[in-house]
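Given the coordinates of chain A, work out where chain B should sit on it, guided by the hints.
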Amino acid sequence: MSTISPTTQAVPNSALDKPRTGTWDGGNEPFNASYGKLMMWFFLLSDAFTFAAFLTTYGLIRHRYLAYVGSPEAFEFSSAYWPIPEKVFNSFPGLHGVNLPLAFVALMTMILIFSSVTMVLAVEAGHRFDKKDVQKWLLWTILFGTIFVSCQAWEWSHFIGGTDEGTLMNDGTRFFGANLAMNQYGPVLFADLFFFITGFHGTHVFSGICLLVYCFIATTNGTFEKRGHYEMVEKIGLYWHFVDLVWVFVFTFFYLV
Amino acid sequence: MAHHAPHPVNAGEIAKPNTAWIWKTFWIITGITMLEFAIAFIMPSSTLRNSIFIILTIFKAFFIVANFMHLKDETKGLIWTIMIPMSLLIWLLIALITEGNAIHNAIF
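Here the protein sequences come in this chain order: A and B. Be aware that the first sequence starts at 1, since it is given in this note's numbering, and climbs by one per residue. Be aware that the second sequence starts at 258, since it is given in this note's numbering, and climbs by one per residue.
Isolated chain A, as found in the complex (with noise of 0.2 Å):
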């Protein structure tokens, strides 16, 4: 009791007391936003730069090859020239030997985007604090982005197992799909970017979802409800909404021009 060390006492109460508020003193939030939203702005912009040099090395490379010249019907696979993308991705799921061009990427893209409007949704809920819609709408989330993913599953596996013809090589065998080395379609480079621009955006996917399922199983638990906010559910919003911008320039680099 009477052995209390005589700095405690040194310094008046007053002064402890009050956190310091001042400009430069942290009191002052020029962005007016959470340091945990701010983080994931900051995130997304680095994660923008990556996406942003995988699609500008596919420009490059592209430029370095010669662009086919002729009418599309007439098109050939040959590692010559660049394939055009409408001869590539021109199949759908159990509809096989049908000639379908961009149909079933076109359909991953509203998928996407509906995911995208859903998660609008549940932040829009989240701000209401209504628990049921904001489950409601993380579920459909999860469903359409795990419906998008084994949509490119197909793509990849269809991609890799290549077309009935194949392409007849210059060593005179026939070759049927794509690996890293070698494929059917057009240059070795052509398959390679193919596998890391939409690997890397379906991992991106992938663990949007595994973040999406934590934010619907602490949603259930009621823990953005005693935190007094939903917060979270926004900041894997703007995770998820900044996936399916990515989906929208690979929709247009990869797929249109």
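Think of the hints as simulated: they come from the structure by calculation, not from any bench. C-beta atoms are modelled at their ideal positions from N, C-alpha and C, and glycine is treated no differently. A few of these clues could be false.
Said to hold, decoys possible - Under 7 Å between C-beta atoms, here's a sample of chain B residues computed to sit facing chain A:
| id | residue |
| --- | --- |
| 1 | A295 |
| 2 | A297 |
| 3 | S303 |
| 4 | F310 |
| 5 | F316 |
| 6 | K317 |
| 7 | F325 |
| 8 | G334 |
| 9 | I339 |
| 10 | L346 |
| 11 | L350 |
| 12 | I354 |
| 13 | H361 |
Chain B in isolation, oriented as in the chain A frame:
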């Protein structure tokens, strides 16, 4: 769904959902995607077609970032903090495409 169920913490009514703007944004993005898809088949491949694709993609990106990610509701400082570094990518794109063309000319 039970919109009017009393909230255990707020103990008040849950506000009505305000989602009209979300669906409006969705239809705009869907419309642009359909347009892109149509152009891919109507127009022959050219620099003009690629420019149209890139412009339409930037439109879509604007609607996703501004509305879905709520960037338009953030402070000006945060908006510029995100947008200024992104503008460096335009330079990256121009530099590397030029580089690709230079390699092409050296080979063929």
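Against the structure, the hints come out as follows:
{"no.": "1", "hint": "A295", "verdict": "11 Å, violated"}
{"no.": "2", "hint": "A297", "verdict": "5 Å, holds"}
{"no.": "3", "hint": "S303", "verdict": "11 Å, violated"}
{"no.": "4", "hint": "F310", "verdict": "5 Å, holds"}
{"no.": "5", "hint": "F316", "verdict": "10 Å, violated"}
{"no.": "6", "hint": "K317", "verdict": "5 Å, holds"}
{"no.": "7", "hint": "F325", "verdict": "5 Å, holds"}
{"no.": "8", "hint": "G334", "verdict": "5 Å, holds"}
{"no.": "9", "hint": "I339", "verdict": "6 Å, holds"}
{"no.": "10", "hint": "L346", "verdict": "5 Å, holds"}
{"no.": "11", "hint": "L350", "verdict": "5 Å, holds"}
{"no.": "12", "hint": "I354", "verdict": "5 Å, holds"}
{"no.": "13", "hint": "H361", "verdict": "5 Å, holds"}
Hint violations for this structure: numbers 1, 3 and 5, all remaining hints satisfied.
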